[in-house]
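A.B. asks: Chain by chain, the residues:
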Amino acid sequence: MRERKPTTGCRLYIDYGECASCAACTSVCHTLALNMDALTLELNRPLCDNCSLCVYVCPTGALTLTEAAANE
Amino acid sequence: MTGNTTERADAVVVGCGIAGGLIAGRLARDGYRVIVLEKRPVVGVPIRCGEAAGSREEISNFIPVDESWVVADINAARMYAPDGTFVEKRFPGVGLMIKRDEFDQALARQAQGWGADIRTHHEVTGLIHDDNRVCGVTVVRHPDKSPYTIKAKVTIGADGVEGTVGRWAGLTRHLKPKDIHAGIQYLLAGEGFPTDTIELHVGTSVAPGGYVWVFPKGRRLANVGVGIHPTMAKNGNARDYLDRFVEHRYPGSKRKALIAGGVSGTRPLKTMVRDGVVLVGESARHNNPFSGGGIMNALEGAEEAHRVLTEALAADDLSARYLKRYDKAWHERNGRLIHKFALLRELFFKLDDEDMIKVISVLDKIVSTRPGKITDYAELFRAAIKTTPGVLWKARRLLW
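Protein sequences, first through last, are from chains A and B. Using my numbering, the first residue of the first sequence is number 1, and each one after it goes up by one. Using my numbering, the first residue of the second sequence is number 1, and each one after it goes up by one.
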């Protein structure tokens, strides 16, 4: 697995109102930062490197990268 | 169970979907102690499937067909080109529309009847290793997350497209964007749906790199969904594409439910086994990468895995070297065909709307002039590719 150093903190924002718990995002997450805990999507922020594969793949648009999320 | 208790089993099955439910039942029927761990509170819920399965005869090889989970018979398939023309082929009795939640639950009850210990809302959190061998799993029981462990001679990964067992075992890697389709489906109520025909719509603006499906679900109901290839989608996400299709074709319809899922489109894995670990179902990438279908593949793959595992457990040899018989058996039964479909998928990405219109027109000619000769749709597409100008050139590196 290629190492990618995050340049900023994780900027991933999960809109739980749109998330359908389909786990497409967890399948493409190369750091295992995303995990479907029973039916709730969980994010392990320190593992996320903002590669945006999950945003790309999400069928409902529940995932976005935002500056605000990085400041949480 | 509370605290750090350790249990023992012959087999631990991670995930109680189709592959998990079947293999757990068959191993339990053979007399082995089988524990199944399903992280969701209820088996089969939520449904993440188009729900089109094989024929009654095919399904009855795995479980008696119960009309309570049958919704409709599928007797035909129709494929629409971007210009609205279509090809239709009748295949009487080719498949069934089923209720996936009740079907999965029926498989689980069958497994329980044979002695499998099925635990819902129990989530596997990791693998336990001994030397280089996987010898069990760590588990938490929801909702309080109390941990415990299970030592098992074999750990069976049946955890679907997420496939975490496979990733922990080093047998699979994360899917790349080119390997996954983003899928979304509505249960639609309204008028104008087919009753015994599955309909597919292709076209770069309706479903980039994939297709829209309309599957009958009974009286004035249908599963209407789309799978798109994220790298080829220029106008929004999967839901945007589906909403546009539904508003155009079924404007008065009501959306009753929404489900989403990623569908892997990879070629078969090099191996599905390690010392003490076996993968089945979607976690082993058994689904058809071209159509996305996986119900029958999951059942058949789990059957092959069971045949090898029941002997491996009897011989007390769960080494990768022994278990590779499963790789070989599956490859012969379905793996070669899955590989062909992966190539077909790659070709499909290269087709533009004009190509699709031409191919469907050629398919229509083949179907109308030689209806009896076509039983295998892989061969049908192959024939169409070879005879469609322009498409054959695009397929030059991929033809089998």
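No wet-lab data here; the hints were simulated from the structure. Every residue, glycine too, gets a C-beta built ideally from N, C-alpha and C. Hints should not be assumed to be uniformly reliable.
If we take Cβ atoms under 8 Å as the criterion, some of the chain A residues that face chain B in the derived model are [unchecked claim]:
id, residue
1, I14
2, G17
3, S21
4, H30
5, S52
6, Y56
7, P59
Simulated coverage check for chain A against chain B, where a stretch passes if three residues somewhere in it have a Cβ under 8 Å from a Cβ of chain B [said to hold, decoys possible]:
id, stretch
8, 33 to 47
9, 63 to 70
A.B. asks: For every hint, state whether the structure bears it out.
C.D. replies: Consistency of the hints with the structure:
1. A distance limit of 8 Å between C-beta atoms decides the matter here; for A:I14 the minimum to chain B is near 14 Å, and the interface restraint is violated.
2. With a least beta-carbon distance of about 12 Å to chain B, the hint placing A:G17 at the interface is violated under the 8 Å criterion.
3. Given the 8 Å rule on beta carbons, the hint for A:S21 holds: about 7 Å separates it from the nearest Cβ of chain B.
4. This hint holds: A:H30 has a C-beta 4 Å from the nearest C-beta of chain B, less than the 8 Å allowed.
5. The beta carbon of A:S52 comes no nearer than 10 Å to any beta carbon in chain B, farther than 8 Å, and the hint placing it at the interface is violated.
6. Satisfaction of the interface hint for A:Y56 is found here, the shortest Cβ-Cβ separation to chain B being roughly 5 Å, below the 8 Å cut-off.
7. Among the interface hints, the one on A:P59 holds; its C-beta lies about 4 Å from the nearest C-beta in chain B, closer than the 8 Å criterion.
8. Counting residues of the stretch 33 to 47 of chain A whose CB falls under 8 Å from any CB of chain B gives 5; the rule of at least 3 is met.
9. For the stretch 63 to 70 of chain A, the stated coverage by chain B is violated: 0 residues have a C-beta nearer than 8 Å to a C-beta of that chain, whereas at least 3 were required.
When each numbered hint is compared with the structure, violations occur for hints 1, 2, 5 and 9.
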